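With these hints in hand, go ahead and build the complete structure from the sequences.
Residue numbers (our numbering), protein chains in the order written: chain A, 1 to 411; chain B, 1001 to 1411.
Keep in mind that the hints were calculated from the coordinates and are not lab data.
Just so it is clear, the structure is predicted and the values come from calculations on it, not from any experiment.
Among these hints, one or two may not hold up.
Stated by the list, open to error - With a cut-off of at most 27 Å between alpha-carbon atoms, the simulated DSSO-like pairs for lysine-lysine come out as follows:
#1 1249/B <-> 1213/B
#2 1116/B <-> 127/A
#3 1127/B <-> 116/A
#4 1024/B <-> 49/A
#5 1225/B <-> 1171/B
#6 24/A <-> 1049/B
#7 1049/B <-> 49/A
#8 224/A <-> 5/A
#9 1049/B <-> 22/A
#10 249/A <-> 277/A
#11 49/A <-> 1171/B
#12 277/A <-> 326/A
#13 127/A <-> 29/A
Unchecked claim - Among the chain A residues that face chain B by a calculated CB cut under 7 Å, a handful are:
#14 144
#15 295
#16 297
Heads up, the beta-carbon is just placed ideally off N, CA and C, and yes, glycines get one too.
Protein chains: 2
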Amino acid sequence: MRTKKEIIVMKFGGTSVGDTDKIKRVAEKVIKAKEIGNDVVVVVSAMGKTTDELIDIASRITNEPSRREMDMLLSTGEQVSISLLSMAIQAMGYDCVSLTGSQAGILTDEVYSNAKILNINNTRMIKEIRNNNILIVAGFQGITTGGDISTLGRGGSDTTAVAVAATLDAKYCEIFTDVDGVFSTDPNIVVEAGKIGQLSYDEMLELASSGAKVLHLRAVEFAKKHGVVLHVRSSFNDNEGTWIMDDEKITEKMERPIITGVTYDTNEVKISVFGLKDIPGIASRLFGALAAENINVDLIVQNVSERGSATISFTIKSEDINLVKKVLENLKENLDFADFNMDPGVAKVSIVGAGMQTHPGVAARMFEVLANNDINIEMISTSPIRISCVIRKDKVRLAVKILHTSFKLDK
Amino acid sequence: MRTKKEIIVMKFGGTSVGDTDKIKRVAEKVIKAKEIGNDVVVVVSAMGKTTDELIDIASRITNEPSRREMDMLLSTGEQVSISLLSMAIQAMGYDCVSLTGSQAGILTDEVYSNAKILNINNTRMIKEIRNNNILIVAGFQGITTGGDISTLGRGGSDTTAVAVAATLDAKYCEIFTDVDGVFSTDPNIVVEAGKIGQLSYDEMLELASSGAKVLHLRAVEFAKKHGVVLHVRSSFNDNEGTWIMDDEKITEKMERPIITGVTYDTNEVKISVFGLKDIPGIASRLFGALAAENINVDLIVQNVSERGSATISFTIKSEDINLVKKVLENLKENLDFADFNMDPGVAKVSIVGAGMQTHPGVAARMFEVLANNDINIEMISTSPIRISCVIRKDKVRLAVKILHTSFKLDK
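This is the structure:
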C-alpha cells in the first residue's frame, strides 16, 4: 500500500507548452514536483496559437459556426497538448496518464463556448492517482450531461485547474505564467513595482476586475468559493510567486501595507446622457436596454441639474461602443432625453487593499494625491477594499506612479 | 411523425477532405444524398496529411510514445474534420451533428493503435437520425470499455464506415475514393483495364489481398460478415462505381467473365531454405519462429530432393527482410539446415474470379499463357477463386498485360 500523499495541481498556459522543447521543460518541472513527494495533477491549455489557428480554419468554412461544432473543433487543441506532455513525462521514466475534460469527469452546462462547470465526477482521476500516475488533464473543456464536448471560454484552463484542485482537495493550485506573480502595479509603468507575497481572494478579485491581467476573475471566484489556495508563479524560473488565500490565513498581516496594488484600465469609454427626466424608472429603462444587449457597464454616476433634468454618466468597454451607440439612438425618442456623448479619452485608475477597511481616510488621500498633480477626477466608484477614479487617459501613467509612491508601494 | 427513410453511409478519406474547399464539396455531395430522400451518415478521416504531421510532432518528443497517448493524439485529426464538415453542412442550411468515435458508441478492445471493434452502442446515432440530423462520425477511432480513446490502425475509417452501416442496417455503404471503382487490373499498366460493375465479397477479398489497393481487407471482411453492400466510387464525379455484395445477389452473372481481375504485387521477397532434414516438425518450427516475430508469410512451397533433404521456399513482404534474416540466422544451428537465400527480384501475379469454380482448366490456361511468353513460374499458390504465380520482377508488367488480354478483360 502506498501512503497517501498530498495532491498539488499545476496549471500551464499555452505559451508554456508552445513547442516540443517547452513541453519537455514543463515535463521536468512536473517531475520535480512529483519527486518532492507530492501526487501531481497537471492542467494544460492548447499549444501556443493553436486555438487561434483552429478559429481561423473554421472561418474559412463559415462566418457563423454553431457553438457546439466550434467546441468540438477547439477541444482538439488541449487534447494534442495533454498527449504530448504525457509522452514527454513517460519518456523521462514516470507513469503518466492524460485525460480529456470528458475523461476527467468535468460536467458542464450546455452553454457551448462559454460553459460553466456543474460538477466533477472525480472517480477516474482518483483511480489514476492511487495507481501512482502523474495526471495530465485538458484545461478549458468539459462534457455536457448529454455527452457533448463543451468549452469554458476565455480563461477556462485556470478555472479547470481550480475546479480540479477543489474536487481533489489539493494542498494548493499553482498557476504558471510568464510573470513572477502578481505585482503592486504594472512594472512597465513603475519600475519600483514589487511582487506581492500574499493576497486575499477579495483583493485579487478587485485587482483582476480593475485591470490586473495575470488571473481570470472567474477562476479566482471559484477558488474563493471552494477555499482553493492559489500560487501564481513563473514557468521560467523556480522563484516563489504570489499566494492567494482566505484573508484569515494570510500570515503577512503585521507588515501589510494599507494598499496592496494600483491598477489601471485604458480600455474604457465614458458615455454621458443629458436632459433625462428626473422621474423614477428612467435609470432602470436605460440600463435594462443596455443589459438586454449584453453590454457590461462599469462605473455609473448620476447628477440632477438645477432645472430638474438629470445627467447619467457611465463607462463601458471600448469594444462595445458601436452597440451602445445603436441602443442609445433607439432609446432617444422613447426615453425623451436631450442628447448623449461618447468620450473615449478616459481611463480608470484604482487602488486596492484590504487594509483600507481599518484605515479611514484612504479615499480622501487618493483624491488629494491626484489633485496635487493636477489630475481631474471625472467619476468615482468604491468598494470596501477598492477606490476607482475615472480620469483623462493621458494622465493615467502619472496617476499610477504617484499613487504607487504615495501609498508606499515602491520597493 | 417522420416516415422512416432508408439509411445510407458515405465514407470520405483524407484526400477528399484535404482542405476547406474540398470539405465544402463533400458537404454538397452529402446534401444531395439527403435531398434524394435518404437518412445520411457520413464517416470521415483526418484532413490530408494531418495524421502524418501529428506522428512527426510526437517523434520530436520521444521515439517510443506509448500507444495509448499516441491514440489520444491521433484521434484529434478526425475530430477536426468532423466538426468542419458539420459546420459546412449547417452553413448550407441543413441540420447536422458531428460525433467522435466515443460519442458514436464505437467500443473497441484495448489494443491501442490497432484496436478491433467489439460492439457499437448505436443509441445516440439513432436518436440523432430520428431528429432528422445528418450525422458525421469520426472514422478510425473508438473508445475502450475503460473509457480511453483507441484507434483502429491503417484503413480504420473504412472499417468504421462498414461497422456503422452494419449496426444501422444501412441500405449500402459508399466508399468515396480517388478512383472510379475497382478495375480489372492496374490502368497504369493496361490502358484497356475496365471498371468492374459488381464483385462478390470473396472476389474483393482475393483482389485486395493479392495487390489491389482500393479497399482495405479488414473492411471487406467486416462487410462480408455482416452482409453490408459496398459501393466504391469516385469523390470527384457522380459516376456509378463498383458494387460489392453477396455472391447470390450479383445480377451480372449471365455475362460475367470467368476472371474478374488481374493483380500483382512487387513488394515480395522470395526466401529459400536449403538442406533441411526431411522429418516431421521442421516446417512448424521454421514458420513458428517467423510467426513469433509477427512476420507475415505469403506463398510457401516445399520440395524434397533425391538425397532426402528438403528445400522450403516462401515469400515475405520486403519491409520484413532484415527481421527474417535475423530469425533465420538464429535458427540455423538449432534447425541444422545448410543455408538460406533471399531473392528480392521476384513479383507475384494473380488472377481472381468466382467464375473459375465452374470452369475447369483456368490454371492450366494461365500457366500456358505465361509459358508462351517465356515467363518462368517459380512458385504457385491457389485458392478456389484465385491463382497466383511468383515470377521474375522484370516480367510482371508483361504478365499482367497478356493475362488481362487472354482472359478477355480488355474493354
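Do the hints match the structure? See the list:
1. Restraint check for residue 1249/B and residue 1213/B: satisfied, since their Cα atoms lie roughly 24 Å apart, inside the 27 Å limit.
2. Taken as a hint, the residue 1116/B and residue 127/A pair is honoured in the structure, with Cα atoms around 26 Å apart against an allowance of 27 Å.
3. Distance hint between residue 1127/B and residue 116/A is fulfilled; the C-alpha atoms sit about 26 Å from each other, no more than 27 Å.
4. A hinted pair counts as satisfied when its Cα atoms are at most 27 Å apart, and residue 1024/B with residue 49/A qualifies at roughly 25 Å.
5. Between the alpha carbons of residue 1225/B and residue 1171/B the distance comes to roughly 16 Å, so the proposed pair stays at or under 27 Å and holds.
6. For a cut-off of 27 Å, the pair hint linking residue 24/A to residue 1049/B stands: about 25 Å separates their Cα positions.
7. For the proposed pair residue 1049/B and residue 49/A, the alpha carbon gap of about 20 Å is at most 27 Å, so the pair holds.
8. This hinted pair checks out: residue 224/A and residue 5/A have alpha carbons roughly 24 Å apart, not beyond 27 Å.
9. A distance of roughly 24 Å separates the Cα atoms of residue 1049/B and residue 22/A; the hinted pair therefore holds under the 27 Å criterion.
10. With a CA separation close to 50 Å, the supplied pair residue 249/A and residue 277/A exceeds the 27 Å bound.
11. Distance restraint check for residue 49/A and residue 1171/B: the Cα-Cα separation of roughly 44 Å exceeds the 27 Å cut-off, and the hinted pair is therefore not satisfied.
12. In summary, the hint linking residue 277/A to residue 326/A is supported, as the alpha carbons are separated by about 21 Å, within the 27 Å threshold.
13. About 23 Å separates the Cα atoms of residue 127/A and residue 29/A, which keeps this hinted pair within 27 Å; it holds.
14. Hint status for residue 144/A relative to chain B: violated, with the closest Cβ pair at about 11 Å, above 7 Å.
15. Of the supplied interface hints, the one on residue 295/A is violated, with its beta-carbon coming no nearer than about 28 Å to a beta-carbon of chain B, more than 7 Å.
16. At a threshold of 7 Å, the smallest CB-CB gap from residue 297/A to chain B is about 34 Å, leaving the interface hint violated.
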